[in-house]
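Engineer: Produce the complete structure using the sequences and hints provided.
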Amino acid sequence: MAWNTNLRWRLPLTCFILQVIMVVLFGVFVRYNPEADAHWNEEKKKHNISSDVENDFYYRYPSFQDVHVMIFVGFGFLMTFLQRYGFGSVGFNFLLAAFGIQWALLMQGWFHSFHDGYILIGVENLINADFCVGSVCVAFGAILGKVSPIQLLIMTLFQVTLFSVNEYILLSLLQVKDAGGSMTIHTFGAYFGLTVTWILYRPNLEQSKERQSSVYHSDLFAMIGTLFLWMYWPSFNSAVSNHGDAQHRAAINTYCSLAACVLTSVALSSALQRKGKLDMVHIQNATLAGGVAVGTAAEMMLMPYGSLIVGFICGIISTVGFVYLTPFLESRLRIQDTCGINNLHGMPGIIGGIVGAVTANEASIFVYGQEGLIKAFDFEGSKSNWTPRKQGQYQAAGIFVSLVMAFVGGAIVGVILKFPLWGQAADENCFEDEVYWEVPEVEKNNSYHHEDTTLKPVAS
Amino acid sequence: MAWNTNLRWRLPLTCFILQVIMVVLFGVFVRYNPEADAHWNEEKKKHNISSDVENDFYYRYPSFQDVHVMIFVGFGFLMTFLQRYGFGSVGFNFLLAAFGIQWALLMQGWFHSFHDGYILIGVENLINADFCVGSVCVAFGAILGKVSPIQLLIMTLFQVTLFSVNEYILLSLLQVKDAGGSMTIHTFGAYFGLTVTWILYRPNLEQSKERQSSVYHSDLFAMIGTLFLWMYWPSFNSAVSNHGDAQHRAAINTYCSLAACVLTSVALSSALQRKGKLDMVHIQNATLAGGVAVGTAAEMMLMPYGSLIVGFICGIISTVGFVYLTPFLESRLRIQDTCGINNLHGMPGIIGGIVGAVTANEASIFVYGQEGLIKAFDFEGSKSNWTPRKQGQYQAAGIFVSLVMAFVGGAIVGVILKFPLWGQAADENCFEDEVYWEVPEVEKNNSYHHEDTTLKPVAS
Amino acid sequence: MAWNTNLRWRLPLTCFILQVIMVVLFGVFVRYNPEADAHWNEEKKKHNISSDVENDFYYRYPSFQDVHVMIFVGFGFLMTFLQRYGFGSVGFNFLLAAFGIQWALLMQGWFHSFHDGYILIGVENLINADFCVGSVCVAFGAILGKVSPIQLLIMTLFQVTLFSVNEYILLSLLQVKDAGGSMTIHTFGAYFGLTVTWILYRPNLEQSKERQSSVYHSDLFAMIGTLFLWMYWPSFNSAVSNHGDAQHRAAINTYCSLAACVLTSVALSSALQRKGKLDMVHIQNATLAGGVAVGTAAEMMLMPYGSLIVGFICGIISTVGFVYLTPFLESRLRIQDTCGINNLHGMPGIIGGIVGAVTANEASIFVYGQEGLIKAFDFEGSKSNWTPRKQGQYQAAGIFVSLVMAFVGGAIVGVILKFPLWGQAADENCFEDEVYWEVPEVEKNNSYHHEDTTLKPVAS
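Protein chains in written order, with this note's numbering: chain A, 420 to 879; chain B, 420 to 879; chain C, 420 to 879.
Just so you know, these hints were derived from the structure itself, not from any lab. Keep in mind that the hints are not guaranteed to be accurate.
No copy is singled out in the list; a pair is fine if it fits within one copy or between any two copies.
What the hints assert, rightly or not - Lysine-lysine pairs mimicking DSS-like chemistry, simulated, CA-CA at most 25 Å apart:
hint: 1; residue 1: K465; residue 2: K696
hint: 2; residue 1: K628; residue 2: K809
hint: 3; residue 1: K809; residue 2: K794
hint: 4; residue 1: K694; residue 2: K837
hint: 5; residue 1: K696; residue 2: K837
hint: 6; residue 1: K837; residue 2: K628
hint: 7; residue 1: K794; residue 2: K463
hint: 8; residue 1: K696; residue 2: K628
hint: 9; residue 1: K464; residue 2: K837
Structural biologist: Written out as C-alpha cells, the structure is:
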C-alpha cells in the first residue's frame, strides 16, 4: 500500500483547473445583488428604504465574520491536536475551504439566488457558502491525516454539490427550518465523512499509531480552535435567521446550550477516567456538541431552559461516545474516525434535528403569538395552511433525507477517492506532515544554551 | 499537606448538581425579553418601532462577541504563561466561566431584569453575565495553579453571588456609573481573589517554584490572551453604555488609554532591569492596566488626553507593582498572587474608580450640554435633583463598598475553600497539569529524526 | 559591527518623551467629533437624525475591531515564524503600533479632521490610524530581527508622518480612491521598508542564518497571524468605504479575491518544489496577496469574477517572488527582506493600484447607474466635471507618487537609523530575542518525566 505521494504536477494542475473553472463560471453567472450593487441608491428609493443601515450588510456582517473565523481558525486549529499534523490540519483546511466557498457560492446560488440568468450575491450568500464548507470541514475530521490534498479537493467538489442538493430538498422542497444547520451541515457532513472513511478503511493504520496522538503544545493549539468555535457558535446559529427577534433568540439559546454542555462534558470526562483526570480530547470536542444540537431549534421558542437541557444531554452523549463508541466503531465497524466527528457532529446533529422537529411540533399561537408563529415558520403563501404539527413532521423527514444523502453520497465519493491516483500516503506515513510539507528542522532545544554563548553584546 | 486529588466522583457530582440546579431555576424563572421573544412584531407596533435594526441585538451583539472572546480566550490564554499549567489555565477558566455565566444570568436577572415572576433576558444580560464572570477570572489569576476545579466552581458560585449583590448596591442603590466595571469587576474581583489567596496561603510553595515560570512558547501562547484582551477592551468598556455617543466615546477613550499604557509599560520594564531587557510578564499584563483604569470613566467626557494620562500612569504603576510589590506581598504579607492581579486589576481598578469619581464630579453643562449631562448620569426621575458633585461622592463611595465586599466575601470564601475536601494539590505539586489532566507523553523532539526513516515514499 | 545593545536608559527615555509629547498634543488638539460627543442628542435634532443607530459607530465599529485584530494579532503573529524572535515579532509590533496609532490620530487629524482648531475624532479616525500603522507593520517585516525597538519607534515616527503626507496628496489633492490602501498602505509601506533595509544592509548577516528560519511550532503560531489577516481582510478593505453598497461590495470582492489566491499559491508552492511539497512560507504569505491587490478596487464594480482574476494572478506572482525574487534581491541588490514583503505587499500593492486605475477608467453609467457613478467616485462639487477616464489617470498617478514618497522617505529614514546610537544588534546576534528580552530557560522536555516522580497524590 505504498502510493506515489509526490504531488508536484498533480496538485498544481488540480488547483489550476478548478480555479480556472471558477473564474469562468463566476464570469458567466455571478453578479452583485441589489444591496451590493452600485444601483443601491435607486433600489432604496424604489423600495422606500430610508437608511443605509437597512442594508442587509449591517444586519449580518458581524455574524458573517464570526462564522468565517469558525471555518478557518476554528476547524483549522481544532484539528492541530495531532503532534505531527499541524501544517496539514490548518493548511489543508485552508485550501479546501478556500475552494469550497467559491463552488458553494455557485451551487447554492443556482438553487437560491438565481435571477434572470445571474446569481446575485450578497453577505447572506457568503455566510451560506461558509456554512456549506463547514460540512466539508466536519467530514475532513474523519479522514484527517489519511488523505492527500488532491483527495480533499475532489471530496470538496462533490460534497459541496451534494450539500447544495440536500439543502435545496430540505429548505425549498420540504420547507424545513434549519438555520444553524443541525441537519444540513452537521448530520450530513458527519455521516458523509464517516461513510468516506469507512470505504477508505486502512487495515494497517496502527503502524502510524504513535503519531495519532497529541503533545502538550499541540493540545493548546487545538484549544484555540475549540474556543473560537465555542464563542462564535451563537453567531453561527443566528447568522441567517430572520432579522429581529429570531437572530436575537438564536444567539441566546446557543449561548445557554453551550454553557451547559461544558459542565456535563467535564463531569463525564472525569467520571470515566480511572483517576478522575480530565481528558483534553473531551474538553476540545464534547463541549461543542451543545452548539450542534441547537442548530435547528435555536431560532425557535426553545426557551433558555430547553437549551440548557439540550446542552446537558449532548455533553454526556458526546463524551461517552469518545470513550466507548469511537473505539467500537474502529475495531468492529472499521470506521476510523480521526477526530471523533460522530461524537461532535453526528449524534448531536441528529439530536438537533429531533429537537427541531419536536420544538416545531409544539409551537403554538400561545407561545409565538399569531404573527410570530407565521413569521417564525413562514406560514404564509404556499405554506399558509400548514400547522406546527405538519412542520414538525417535515422537519423529521429532513433528518432522514440528510442521512440518506450522506450515506449514498459518501459511498460514491469514497469509491472515487479510493483510486490509487491521488497521492495518498502509505499506512505507516499517515498523520505525518513530512509527506506533503517541507517541515523545518527539529526544534533543537539545547541549542538555546549554545546560542547564549554566541551572544556577545558589548558591555555599556 | 497532601490531600487526595482524585476527583473521580467529586468533580462529576459537583458539575452535575450545579447544572441540574441551573436547569431547574432557568425552567422556573428565565424567559426571553420582548426583543428576543416571538412577540417582537407586536412589541414593535406597540412602541412604534419602525425597523428591526432598532432591536438591541444590533446595537450590542458585536460588542458582546468581543467581550465573550475576552473572557474565554483572553483570560484563558493570558494564564497559559506557566510552563506546565496550560491545560488548567485555559480549561478551568473555560469550566468556571461556563458555569458562572449561567448563575450570573440568574443572580443579575433577579436584581435587574425581574418582571412578573420571570427573568427576561436579552443580549445585554449575556454581556453582563460575561462581565460578572470576568471578575471571577480575575480572582482565578491570584490562585492559579494552587486550587482544584471543585474549589473553582465553589468560588464561582459564591463570587458571582457577591458580585451581583455588590453590583446591585452600586448601580441601583448608590446609582453609580460603572459601565466598564473598574469597581464592580476589577476592584472587587482583584481584592476578592487576593483575600482568598491570602487565606489559602501555602508556606511551602517554593517547592514547586521551578514550575512557576514560563517557557518560550508558553509566553507566546499568553500573548494571544494579552492581545485579544487589549484589542477588544474598547468593546468591553462600551458594551453596556447608552446607545449613541456614550458607546462611541467609551470605545475611543479606551483605545487611547491602552495605547499610552503600552509605551510606559515598556519604558518601565526596560528601566527596571539591569541590562535594560524587556520582561514578558510586564508586556503581557501591565499593558492592559490602562483598559482597567478607564472602565468607569470611559463613557464620560474624559477627553482623549485624559485617557492618555490615565493609561500613562497605570502602565508605570502596574509595572512597578510587578517588580517590587508582588514579591513584597508574597514575602511579607503572605499573599501569593500567581498572575500579579493586584498590579493588573487591583490598583488600576481603584484608580479607575477614582478617575470616575473625579470625572463625574467635574461634569458640567458646559462640557456635556444640558441634555447630555442628564442623559450621561441619568439625572432624571429620582435623580433629577442630583449634581455632578453628588454623583462624584457616590462614585467614591462605590469604591469603598466594593473593597469591603471583596475583603469580607473573600475571607468567607477563602475559609470555605480551605477545607481539605476539595481535592487541592500538595504544595510540591502546584502549577502542574498532571494532577488533574491526562497529559500527553513528553514531546519527543528527537523522534522527528527517527520518524524520517519510517517515511518511505515511493519515488516517482 | 558590535554596538551597545543595552537599552536601559535609551528605550525608557524614548518611550517617555514620545508619550509625553502625545499627551500634550492630544491635550491641545484632540476632542470628540459630534457623534462621540455628549452633545450628540442636540446634533441628532439639528440634522434630523431619527435614531442612534445612524451614529457612524454602528456602521463601522465591527469593521474597526476586525482591522484592530489584523494590526496587532495578524501582523504580530505572522512574524513569529522565526524560531527565536517570537517575543520581538509580537512585542515590538505591539509597541510600535501602540505609539503609531496615537501619532497617526494627530497627523491624519490635522489633514482630514481639523475644525476650529481641534482635531475631532470618531471611529473612522481610529480605523484610519490603524491603517496608517499597518503600513509601518509592513515595513517592519523587511527589517524584522535586525533593528532595535528604538529604531522601530523612530521609524514609526517618520513613517507615520510621511504616510499622512502621501495620503493627503493622494486622497485630497489627486482625489484618488483607495479605500483598502493598495497604494497608500501596501505600496508605500513595502517600498519604504525595502529602501530602509537596503540602506541598513548587513554584509555579514549569514552569521545568524541558522536563526533566520522557523521551527515546527513557530510556523503554527505564524498561521494564527495569517488566518486572522486572511479572514478579516474583507473588513479591512470595506472599513472606510461609503455606507451601504460600497461597504457591502468591498467585502464581497475581497472575499472572492482571497479565496482564489489560496489555490494558486498552493499550486505554485507545490510546482516549484522538487518533490511537490508545500512550503509554509508561501501558505503564510502568498495567500494574502489577493487582499492587498483588491485594496483599491474592492469598493468599485470590479465584479466577483474580476476579483477572482486578481487573486488568481497575485497568488502566482507572490509565490514566484518568494522562490526566485527574494533570493535575487538579497544576493544582487543587497536588499535583505526578512519576511518577503516585496512579494506580499510590494508587487501586489502596485498591481492593486493598477487594477484600481483600470477599474475606475472603465466605470460607466451603464454599470453604476447615474447616481451610483457620482456616489462611487464623488463626481460632485469640484469633481462634478470629472470623467472615469480622468479618475483612472489620477489613480495611476497615485501609484507613482506613493513609490516616490516611499523611496525618498525610506532613504532618509534609513540613513537616520544607520547611526550607531540606537542599540542595534551585531550581525551574529540578529533574529535573536535574547538581545532585548529576558528569555525564559530552555524548555526542559525531559523534566516532564522527572516531575512525574515528584507527583505524590494520595490514593483514595
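Engineer: All the hints need checking, so say for each whether the structure fits it.
Structural biologist: Hint-by-hint comparison with the structure:
1. K465 <-> K696: neither (64 Å within a copy, 55 Å between copies)
2. K628 <-> K809: neither (49 Å within a copy, 65 Å between copies)
3. K809 <-> K794: within (16 Å within a copy, 49 Å between copies)
4. K694 <-> K837: between (42 Å within a copy, 23 Å between copies)
5. K696 <-> K837: Between copies only: 22 Å across chains, 40 Å inside a chain, cut-off 25 Å.
6. K837 <-> K628: within (21 Å within a copy, 44 Å between copies)
7. K794 <-> K463: both (24 Å within a copy, 14 Å between copies)
8. K696 <-> K628: For K696 and K628, both the intra-copy (23 Å) and inter-copy (23 Å) Cα distances are at most 25 Å.
9. K464 <-> K837: So K464 and K837 fail the 25 Å test inside a copy (56 Å) and across (60 Å) alike.
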